[in-house]
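Put together the whole structure using the sequences plus the hints.
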Amino acid sequence: MSVDETAPLRVLVVDGDPRVRADVVALLDDSDELEVIAQTATAGDAVELAERLRPDIVLLDADSARTGHATPLSRASRVFVLASPGDQCVEVAIRGGACGHLVPGVFTVRDLIRGVRDASRVSLGLSARESEVMDLIATGRSNGEIARQLFLSEKTVKNHVNRIYAKLGVSSRATAIALWRGMMSVLPAKD
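According to our numbering, the stretch in the sequence shown is residues 16 to 206, in order.
Keep in mind that a hint or two might mislead.
Quick list of in silico lysine to aspartate or glutamate cross-link-like pairs, EDC-like style, CA-CA up to 20 Å [as the list claims (entries may be wrong)]:
no., residue 1, residue 2
1, Lys-182, Asp-150
2, Lys-173, Glu-147
3, Lys-170, Asp-150
4, Lys-182, Asp-133
5, Lys-170, Glu-147
6, Lys-170, Glu-160
7, Lys-182, Glu-147
8, Lys-173, Asp-150
9, Lys-173, Glu-145
10, Lys-173, Glu-160
11, Lys-170, Glu-145
12, Lys-182, Glu-145
Because the hints were derived from the structure by calculation, they are not lab data.
Next up, the structure:
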């Protein structure tokens, strides 16, 4: 459980190289915000695991991305390709639904969480400021605390929150947080 008492994001790690896979799992295991729920060497197994376990995030190796596995995996999870800079598989994977890419051995937990938040912001249609407010909402801060931290009036924060709820189609903080963190695969019609 993370410091802000929200469930960690669930991660599936897919990499054919057992050393790279072990390094990624070790990195993520040190985080309170992420939980590795499964790992596999093959993309075929990854698709089956993703359908059964419904991870929030799939970290997919370059070989699996080259074979087109980002598309089925991205239907219910945020997919990030683990590849070297400039690898052409990244472009193919992004066209197939992947959110972005990370460089194995270089990326940090913060990089991954930032990528997930950026993908959430874009896919949910929030502005940069609304995204910033939503990040603070997701850590359990009140409107007053958000206002003080961002040097805004509480009324301005309330206006941002109302626009966020309208864009997300929700009426509660809990549902907005769940969507923001990628915990729900389908936007609800109403709470």
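Please verify whether Lys-182 and Glu-147 have alpha carbons no more than 20 Å apart. 15 Å, holds
Could you grab the alpha-carbon distance between Lys-173 and Glu-147 and see if it respects the 20 Å cut-off? Between Lys-173 and Glu-147 the Cα gap is close to 13 Å, so the pair holds against 20 Å.
Assess, step by step, whether the Cα of Lys-170 is no farther than 20 Å from the Cα of Glu-147, and give holds or violated. 16 Å, holds
Taking 20 Å as the top limit, are the C-alpha atoms of Lys-170 and Glu-160 close enough? 12 Å, holds
Under the criterion that the straight-line Cα-Cα distance not exceed 20 Å, is the pair Lys-173, Asp-150 satisfied? 15 Å, holds
Please verify whether Lys-182 and Asp-150 have alpha carbons no more than 20 Å apart. Holds. Lys-182 to Asp-150 sits at ~15 Å (cutoff 20 Å).
Does the alpha-carbon distance linking Lys-182 and Glu-145 stay inside the 20 Å limit? 10 Å, holds
Starting from Lys-173, check that the Cα of Glu-160 is at most 20 Å away, please. 12 Å, holds
Are Lys-173 and Glu-145 close enough, with their CA atoms no more than 20 Å apart? 11 Å, holds
Going straight from one Cα to the other, do Lys-182 and Asp-133 come out at no more than 20 Å? Holds. Lys-182 to Asp-133 sits at ~16 Å (cutoff 20 Å).
Hinted pair, alpha-carbon criterion (20 Å max): Lys-170, Asp-150. Please report holds or violated. 18 Å, holds
Holds or violated: Lys-170 and Glu-145, Cα atoms, limit 20 Å. 14 Å, holds
Checked against the numbered hints given earlier, this structure breaks none of them.
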